[in-house]
Amino acid sequence: MKDGFISALHRMTDVEVITETTRLRSYESDGLSAIKGLPKVVVIPSTMLGLQALVRLASEWGVPLVARGAGTGLSGGATPHPDGVLVSLAKFREIVSIDVENRRARVQPGVTNLAISEAVSEHGLFYAPDPSSQIACTIGGNVAENSGGVHCVKYGLTLHNVTGLEVMLMSGERISIGYEESSSHQPDLLALLHGSEGMLGVITEVEVLLTPKPEAVAVILAAFREVSVAADAVGAIFADGLVPAGLEMMDRLAIQAAEAFVHAGYPLDAEAMLLIELDGTMAEISSLIDKTLTILKRQGAYQSNVERSEEGRARLWMGRKAAFPAVGRISPDYYCMDGTIPRRHLAEVLERIGSLSEQYGLRVANVFHAGDGNLHPLILFDANIEGELERAEAFGADILTLCIEFGGTITGEHGVGLEKINQMCVQFDDAALEIFHGVKAVFDEQGLLNPGKAVPTLSRCAEFGAMHVHKGKMPHPHLERF
Amino acid sequence: MANQLDVIRERLLSVEADHPGWSIQGRASKGFLGFENPELERLSLNHHEGVIDYWPDELIIRVRGGTALSDIDQALKANRQRMIFDAPRVNGQGTIGGAVAAGLSGPSSPFNRQIRHALLGLQLLRGTGEAVRFGGEVVKNVAGYDVSRLQIGALGIFGPILDVSMKVEPIPEWQGAFAMPADEDSLRRLTNHKHDRGLSGAGILGGQIVLRFEGSGVNADQIRPRLKSLGYEEISMDMFTALRDLTFLPTIGWRWEGPRETPLSGHEIAVDWLGGLRYFAEQADAPAEGKHWPYGPDARQTCSFLNVGTVQHGILARLKAIFDPQGVFNAGRLSREF
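One line per chain: the protein sequences are A and B, in this order. When we follow the numbering used here, the leftmost residue of the first sequence carries the number 1, and every step to the right adds one. When we follow the numbering used here, the leftmost residue of the second sequence carries the number 1, and every step to the right adds one.
To be clear, the hints were calculated from the coordinates, so they are not data collected in a lab. Hints should not be assumed to be uniformly reliable.
Said to hold, decoys possible - Cut-off 30 Å, straight-line C-alpha distance, at most; resulting in silico cross-link-like pairs (DSBU-like, lysine-lysine):
| id | chain 1 | residue 1 | chain 2 | residue 2 |
| --- | --- | --- | --- | --- |
| 1 | B | LYS228 | B | LYS194 |
| 2 | A | LYS36 | A | LYS321 |
| 3 | A | LYS91 | A | LYS36 |
| 4 | A | LYS297 | A | LYS321 |
| 5 | A | LYS291 | B | LYS167 |
| 6 | A | LYS2 | A | LYS40 |
| 7 | A | LYS2 | A | LYS91 |
| 8 | A | LYS297 | B | LYS167 |
| 9 | A | LYS321 | A | LYS213 |
| 10 | B | LYS77 | B | LYS167 |
| 11 | B | LYS291 | B | LYS194 |
| 12 | A | LYS2 | A | LYS36 |
| 13 | A | LYS154 | A | LYS36 |
| 14 | A | LYS297 | B | LYS194 |
| 15 | B | LYS228 | A | LYS297 |
| 16 | A | LYS213 | A | LYS154 |
| 17 | B | LYS194 | A | LYS154 |
| 18 | B | LYS291 | A | LYS91 |
| 19 | A | LYS213 | B | LYS194 |
| 20 | A | LYS291 | A | LYS321 |
| 21 | A | LYS40 | A | LYS91 |
| 22 | B | LYS291 | A | LYS297 |
| 23 | B | LYS77 | B | LYS194 |
| 24 | A | LYS213 | B | LYS167 |
| 25 | B | LYS228 | A | LYS321 |
| 26 | B | LYS77 | A | LYS291 |
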């Protein structure tokens with residue numbers, strides 16, 4: 001970082017500047033703590049003018065800028081840049097307006113996901129995307145990662161529930177995108193900014209769509225003797241024309257860990273279970289339940305429990321929601337993956353993950369959004385044992401490659417960040433990566449916003465390709481390798 | 001089924017350096033959108049058609065860009081499924097590539113059923129003849145920038161869409177359309193329904209307020225008597241087909257989008273989106289507040305089509321240069337400047 005930059009920061013108003021190492025430590029990683037590094041400086045603006053002045057200063061000095069919400073991301077997207085500023089948007093916590101009539105709310109980027117639903121609950125509304133970190137994660141981060149959650153199988157991702165954005169470009173200009181009924185007749189920039197991992201602009205305001213709470217909700221727990229049978233039941237539910245509000249799957253290890261932790265009443269003799277949430281009008285819910293139970297019976301569920309009361313539903317969900325910390329109780333460390341595959345391959349991919357588990361000598365617990373084919377294998381390891389972290393990372397990389405092999409993607413909702421940047425070389429060819437770099441340069445010519453994340457350089461891919469030759473095919477063959 | 005990629009590519013690469021560029025065309029049904037640059041040569045994707053993959057259990061289909069919307073309807077209907085959005089079939093025509101490029105999702109738009117809810121991935125042809133794939137065939141996918149959805153509404157300025165993967169949905173158990181005569185209070189009557197559960201279309205056409213509902217059979221039993229008590233009669237779906245397919249296109253000169261509560265001027269040829277979308281013969285008849293797009297043959301040749309601020313205009317111009325550095329596709333169509 002150039003001399004004088006931090007002094008210039010200290011002269012700014014409307015910002016808090018942190019340079020003490022002890023305080024900087026709080027920002028050394030996001031939710032992916034395996035990747036960490038101290039930022040040179042953390043700046044916390046308290047006004048948009050303060051943020052704008054900071055962005056302009058960084059641009060003028062050519063200093064990298066990493067935006068951070070609550071730091072709950074799981075891919076290292078908010079890992080600090082060693083020579084850059086980490087800008088925390090934590091003070092932008094205002095719900096600017098709630099328009100009940102048109103079911104919209106405008107919020108600042110630091111508002112937590114759950115706070116939106118809580119603020120509109122009295123009007124019978126909620127904000128549908130519900131990542132598991134919703135109590136802490138911020139809407140700005142949700143946009144940056146295009147976050148999903150349990151209910152996006154029916155209600156969509158962040159992208160489908162955001163109607164407008166205000167974005168600060170690296171030039172310091174603020175632009176409004178969306179805010180209308182539709183984006184007819186202009187390229188969908190609103191979509192382009194979703195999931196762009198803080199690489200194109202800093203989100204300064206979000207207009208979200210509010211959804212009416214369903215009249216009636218039911219949760220079904222279905223237990224299976226075989227993982228593959230449970231996986232096939234997932235496809236059968238959709239094939240019969242049902243679209244559940246949520247459809248989650250847990251395997252034996254995850255069930256047992258969760259049950260031991262929170263006593264949700266999960267079947268300990270099951271190899272796999274599904275949690276299926278159905279919602280609709282009072283008039284239709286019974287028929288939805290009956291149809292689903294018929295499918296589950298036909299597909300080989302040996303036990304199906306229906307919970308319609310709020311208390312009963314909360315109990316069933318409690319185990320699923322506690323599954324990650326529950327797994328944390330049975331292993332010193334775990335590594336959460338996030339690939340997505342077409343649902344029809346669930347059984348086969350889970351079997352292959354089981355084989356990889358044996359090959360690497362590391363246990364894996366599967367607890368995931370089966371309705372979307374979004375896998376979250378939790379690889380169990382002990383970082384204190386030499387080489388186990390590296391083995392877990394290699395196992396994780398193989399799972400992601402497996403997802404691509406089966407027509408899926410390396411990340412369903414956690415983002416690429418730093419964690420999966422090498423796997424981007426497997427999923428995309430040079431032409432696509434070049435376009436991604438071009439898109440980045442359109443918004444951020446100097447490459448200062450969150451540099452080094454999400455999109456690998458072609459030379460990095462060439463080096464990675466040299467290490468990972470798949471079926472004898474050398475990726476990015478035209479590039480020189482040193 | 002026909003994969004015409006080699007034919008299209010050969011045509012693209014066979015021209016001289018001073019070639020004026022290409023005007024991308026499917027079934028020639030969206031000619032009313034944007035500036036028509038008479039110097040460009042037509043590049044037809046009409047025969048690059050067919051369903052490539054369809055997994056009914058996944059609710060996902062992949063089709064070539066030139067596939068007729070009607071052919072997709074037919075393939076989906078066999079499995080009691082449908083496209084999520086109401087893509088217009090102007091004069092009964094339209095391809096999926098054109099639907100994405102036009103960005104029109106029809107009456108279903110305000111009800112979370114837009115192209116952006118359906119599109120999962122696509123393949124784009126570049127001026128060099130290189131085909132580049134973005135997105136994929138899974139609903140949750142956050143790897144790389146969402147370049148696929150950037151094509152929605154781009155009118156092909158970034159290149160021809162070779163194929164499209166999209167999410168589809170089960171046809172609801174029940175669909176019903178209802179109408180009552182429009183009067184001075186039509187806008188209020190229309191917007192009174194905006195929070196009705198199951199509403200999937202609402203507009204004014206041919207002197208009638210028209211509503212569309214869908215859902216399960218049990219919901220139908222509740223909705224029908226309630227609408228009847230309000231003076232609505234159940235009608236066929238024809239009115240919604242007309243709103244979707246813009247059957248009144250020859251009579252309109254301007255499209256208007258704006259706040260749905262904006263008072264009606266009385267000159268509306270058709271109203272959709274609960275009042276948020278209106279069609280007029282003359283621009284002067286449309287409310288001043290909101291956005292205007294020229295649809296008439298004269299207006300679109302003389303008035304600007306792209307309706308964004310200066311900064312966004314600059315971003316789009318630079319994006320065009322990334323995807324199509326030689327500027328060979330649909331030059332001027334969206335903005336006269338690129």
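Exercise. Are the Cα atoms of LYS40/A and LYS91/A separated by 30 Å or less?
Worked result: Given that 30 Å is the threshold and the Cα spacing comes to 20 Å, the pair holds.
Exercise. Given the hint that LYS291/B pairs with LYS91/A, does the C-alpha gap stay at or below 30 Å?
Worked result: This hinted pair is violated, its Cα atoms lying about 35 Å apart.
Exercise. Between LYS297/A and LYS321/A, does the CA-CA distance stay at or below 30 Å?
Worked result: holds, 26 Å
Exercise. Taken at face value, is the distance from the CA of LYS213/A to the CA of LYS321/A at most 30 Å?
Worked result: holds, 20 Å
Exercise. Is the straight-line distance between the alpha-carbon of LYS77/B and that of LYS291/A 30 Å or less?
Worked result: holds, 21 Å
For this session: Sort out whether LYS194/B lies within 30 Å of LYS228/B, counting only the CA atoms.
Result: holds, 17 Å
Problem set entry | Distance restraint between LYS77/B and LYS167/B, which requires alpha-carbon spacing of 30 Å or less | At roughly 14 Å apart (the allowed maximum being 30 Å), LYS167/B and LYS77/B satisfy the hint.
Problem set entry | Straight-line alpha-carbon gap LYS213/A to LYS194/B, limit 30 Å | Roughly 15 Å between the alpha carbons, so the hint for LYS213/A and LYS194/B holds.
For this session: Quickly compare the C-alpha distance for LYS213/A and LYS154/A to 30 Å and report which way the hint goes.
Result: holds, 13 Å
Exercise. Is it true that the CA of LYS291/B sits at most 30 Å from the CA of LYS194/B?
Worked result: The hint holds at about 22 Å.
Exercise. Hey, LYS194/B versus LYS154/A, does the alpha-carbon distance stay inside 30 Å?
Worked result: holds, 21 Å
Exercise. Does LYS40/A lie within 30 Å of LYS2/A when you go C-alpha to C-alpha?
Worked result: holds, 11 Å
The structure does not agree with the numbered hints 13, 14, 15, 18, 22 and 25 stated previously, though it agrees with the rest.
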